[in-house]
Amino acid sequence: MRHVLSVLVNDQPRVLARVSTLLGRRNFNIESISVGESEEKGLSRMVIVTHGDERTMEQVQKQLHKLIDVIKVHDLSNHPAVERELLLIKVEAGPAARMEISGVVEPFRAAVVDVGSQNMMVQATGERAKLDALIELLRPYGIKEIARTGVTALSRSMVQGNS
Amino acid sequence: MGHTVTMVGSQSGKAESPKTEYTGSEILLRCLIEEQVDVVFGYPGGAVLPIYDSLYEGGLRHLLARHEQGAIHAADGYARATGKPGVVIATSGPGATNLVTGIATAQMDSIPMVCITGNVSQELMGTDAFQEADIMGITMPIVKHSYLVTDVCDLPRIVKEAFHLASTGRPGPVLIDIPKDVANARDTFHYPKGVSIRGYQPTSSAHPLQLARLREVIAEAKRPVILAGGGVVTAGAEKELITFAEQTQIPVITTLMGLGGFPGQHPLWLGMPGMHGTYAANHALLETDLLIGIGARFDDRVTMGRLDKFATKAKIVHMDIDPAEIGKNVNTFIPIVGDVKNVLQAANVDLPQSDSAAWIEKVTGWRESYPLCYRDSEDRLKPQWVIRHLYETTGGDAVVTTDVGQHQMWVAQYFHFARPRSFISSGGLGTMGFGFPAALGAQLATPEQLVISVTGDGGFQMTNQELAVASLANIPVKVVIINNQNLGMVRQWQEVFYHKRYSEVDLSGSPDFVKLTEAYGVKAWRAKTKEEAITAWAEALAHPGPAVVDFWVAPDENVYPMVAPGKGLDEMIMGDEKA
Ligand SMILES: Cc1ncc(C[n+]2csc(CCOP(=O)(O)OP(=O)(O)O)c2C)c(N)n1
Numbered sequence: 009m010r011h012v013l014s015v016l017v018n019d020q021p022r023v024l025a026r027v028s029t030l031l032g033r034r035n036f037n038i039e040s041i042s043v044g045e046s047e048e049k050g051l052s053r054m055v056i057v058t059h060g061d062e063r064t065m066e067q068v069q070k071q072l073h074k075l076i077d078v079i080k081v082h083d084l085s086n087h088p089a090v091e092r093e094l095l096l097i098k099v100e101a102g103p104a105a106r107m108e109i110s111g112v113v114e115p116f117r118a119a120v121v122d123v124g125s126q127n128m129m130v131q132a133t134g135e136r137a138k139l140d141a142l143i144e145l146l147r148p149y150g151i152k153e154i155a156r157t158g159v160t161a162l163s164r165s166m167v168q169g170n171s
Numbered sequence: 204m205g206h207t208v209t210m211v212g213s214q215s216g217k218a219e220s221p222k223t224e225y226t227g228s229e230i231l232l233r234c235l236i237e238e239q240v241d242v243v244f245g246y247p248g249g250a251v252l253p254i255y256d257s258l259y260e261g262g263l264r265h266l267l268a269r270h271e272q273g274a275i276h277a278a279d280g281y282a283r284a285t286g287k288p289g290v291v292i293a294t295s296g297p298g299a300t301n302l303v304t305g306i307a308t309a310q311m312d313s314i315p316m317v318c319i320t321g322n323v324s325q326e327l328m329g330t331d332a333f334q335e336a337d338i339m340g341i342t343m344p345i346v347k348h349s350y351l352v353t354d355v356c357d358l359p360r361i362v363k364e365a366f367h368l369a370s371t372g373r374p375g376p377v378l379i380d381i382p383k384d385v386a387n388a389r390d391t392f393h394y395p396k397g398v399s400i401r402g403y404q405p406t407s408s409a410h411p412l413q414l415a416r417l418r419e420v421i422a423e424a425k426r427p428v429i430l431a432g433g434g435v436v437t438a439g440a441e442k443e444l445i446t447f448a449e450q451t452q453i454p455v456i457t458t459l460m461g462l463g464g465f466p467g468q469h470p471l472w473l474g475m476p477g478m479h480g481t482y483a484a485n486h487a488l489l490e491t492d493l494l495i496g497i498g499a500r501f502d503d504r505v506t507m508g509r510l511d512k513f514a515t516k517a518k519i520v521h522m523d524i525d526p527a528e529i530g531k532n533v534n535t536f537i538p539i540v541g542d543v544k545n546v547l548q549a550a551n552v553d554l555p556q557s558d559s560a561a562w563i564e565k566v567t568g569w570r571e572s573y574p575l576c577y578r579d580s581e582d583r584l585k586p587q588w589v590i591r592h593l594y595e596t597t598g599g600d601a602v603v604t605t606d607v608g609q610h611q612m613w614v615a616q617y618f619h620f621a622r623p624r625s626f627i628s629s630g631g632l633g634t635m636g637f638g639f640p641a642a643l644g645a646q647l648a649t650p651e652q653l654v655i656s657v658t659g660d661g662g663f664q665m666t667n668q669e670l671a672v673a674s675l676a677n678i679p680v681k682v683v684i685i686n687n688q689n690l691g692m693v694r695q696w697q698e699v700f701y702h703k704r705y706s707e708v709d710l711s712g713s714p715d716f717v718k719l720t721e722a723y724g725v726k727a728w729r730a731k732t733k734e735e736a737i738t739a740w741a742e743a744l745a746h747p748g749p750a751v752v753d754f755w756v757a758p759d760e761n762v763y764p765m766v767a768p769g770k771g772l773d774e775m776i777m778g779d780e781k782a
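Protein sequence lines, in the order shown, are assigned to chains A and B.
Per this note's numbering, the first sequence starts with residue 9, numbered consecutively.
Per this note's numbering, the second sequence starts with residue 204, numbered consecutively.
FRET-style restraints, in silico, Cβ to Cβ:
hint, chain 1, residue 1, chain 2, residue 2, range
1, A, HIS87, B, GLY249, 52 to 58 Å
2, B, GLU237, A, ASP122, 57 to 63 Å
3, A, SER28, B, ALA745, 53 to 59 Å
4, A, ALA137, B, ASN551, 51 to 57 Å
5, A, ASN35, B, GLY439, 33 to 39 Å
6, B, GLU419, A, THR29, 37 to 43 Å
7, B, GLU735, A, THR29, 51 to 57 Å
8, B, LYS703, A, THR29, 40 to 46 Å
9, B, SER408, A, ARG22, 30 to 36 Å
10, A, THR29, B, GLU224, 36 to 42 Å
11, B, GLY712, A, THR29, 38 to 44 Å
12, B, LEU252, A, HIS87, 52 to 58 Å
13, A, ILE154, B, GLY340, 25 to 31 Å
14, B, ASN534, A, GLY124, 55 to 61 Å
Note that these hints are calculated values from the structure, not bench results.
Bear in mind the structure is a predicted one, so any value in this text is a computation, not a measurement.
The beta-carbon is built from N, C-alpha and C at its ideal position, and this holds for glycine as well.
Using the sequences and the hints, build the whole thing.
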């Protein structure tokens, strides 16, 4: 089963290396890791998307807890949570295709953020599945580059009113 | 980095006013003294020149090993003998990488250590400077925690935290990497009184609900057994364990790391389990209906990785300070997280007895019917006989370190340990070269104790250069070489599993160990027969300084019983001596 872990860590040099070394060494698979500042100075929030059965997930959490720089581990899969990812995608687009592409991305509430002579860049946010779908729709036009941030997430109960 | 002249006193005619500013390296040593470190092991080099310059002042005993691996295993032996963190210092680059085996050894066995490495100055870091190695990165998977000191003002806090982390909770090695510019930088010195580490709060006492459940299952059990591991030794829970076992009437198996955690002379003791375990211990694990693991981690040398055959009829209770151990290898019916001394103390209030009389009769019957045995010989010295002789002549009153291999298993089998911290061995990593330097550290830690280093002729050659330290500091360790002229344990596997295709296990070309030892100014004996062995050992024991006895034993002896890898505990090979 897929799990989204929210891990509060000390904002220390190498903390990402400690976490990823641990996950790698213990043979836990990682779909994505994203790190950024948290609400508290000195702490970062790491969001890890991983797969595993209940027993594996218990181990992942316990092993993460053993790292001194890990303050808190939360499995967001057990709570209502908001998950988002940011996608930037550069698509081949001559003048003729631009209108059509704009039409394709619109229902995704994606935005065209850059236009060149032969291509354009689209920005979209959302859940992973939505972004995957958008990529598939754009594929026929010719995808030149993709950058994705990986999932970040917050539990709904923790941060009320923030969608 | 500009060196400033130390300011002592002043021109104004006042007598020596106390220094108020210190260099990073002086601060480091003051911190070590604050932590009551009485000996450090190490090896100098460019990046630690400032530290060694401060050591020159005196005030802290330093032993110059002959290889950083020797230094770190000595620090480890010191830690295992006392429970206090061992301290080692090495220079950057090769000095630091020479510590890696020792750090991993300590991590695998949860040994408290503070490992101090120098590094190149910060402005050079990342440039592949001379003798630069990313020791933080290299050791990340094998430390409990690590620090790179980037500012001298952090140093006291970091040292304080390092000692705290190393020695509390589940102990382990902590690395402090100190760039040369930090060692040279100056600051005032205040040693913090306490630590506050937000992400570190080991659980120390057991959950009362789980203890209540424990009492229930004990009262119901018919075939209970205790599996006691290194955690009992670490926690100093030996008395509590005896009370627990006696009150509940539950027989006790001790893992390799648990040896000494429960007296090897106790009527409830069944020996060691697993690959070279006793019949009684392994069969008790097969048939038990209640298995209580205490500070043991159910590793594959105990379970043989065959969980389908391990304690399949049992409810498993698991007491451990590390929550991550619970459920890691076996499914647990009752998890009890906490320091096992506290856990047992709490459990020992109001303990029920288990209904184990018939079971005890059965398992002790196994112990009598299937004892450990070997075929003795009058013309060849047998290694098991030598170990037995050590046990009998010392009455078991010794600290024994081992290296890794057959002799290690024979010590575990034939020397019965009465006290915790009297058996010192690299269990988890199985590090050859560990035993002799560890004995030096253990001897320095317990000067009144007889310390014996039982080692193989292979492993001894990995760190025998530390004879120089034994000689110079007159550390009266008695080294027992079980000299079978080959890499015995590997030879055994090749005999049993590889059709006697003996590949690269012949140790021909080894030195004459007596001459080698004497070259260091240490006394040595050789023994090829029982008579020689008895005399040589008696003389070595009587000799007040360090001594080496080279016992030439039968080269083709195997360790039995044995469970082949991948087999269950029910498939023990009892050996050629016994059906
Ligand atoms: C550093 C290291 N290298 C290799 C091994 C693999 N190994 C395990 S036991 C053994 C043989 C040890 O031979 P010896 O020291 O003579 O002891 P014996 O088994 O003969 O008692 C070897 C090579 C090891 N444990 N550690």
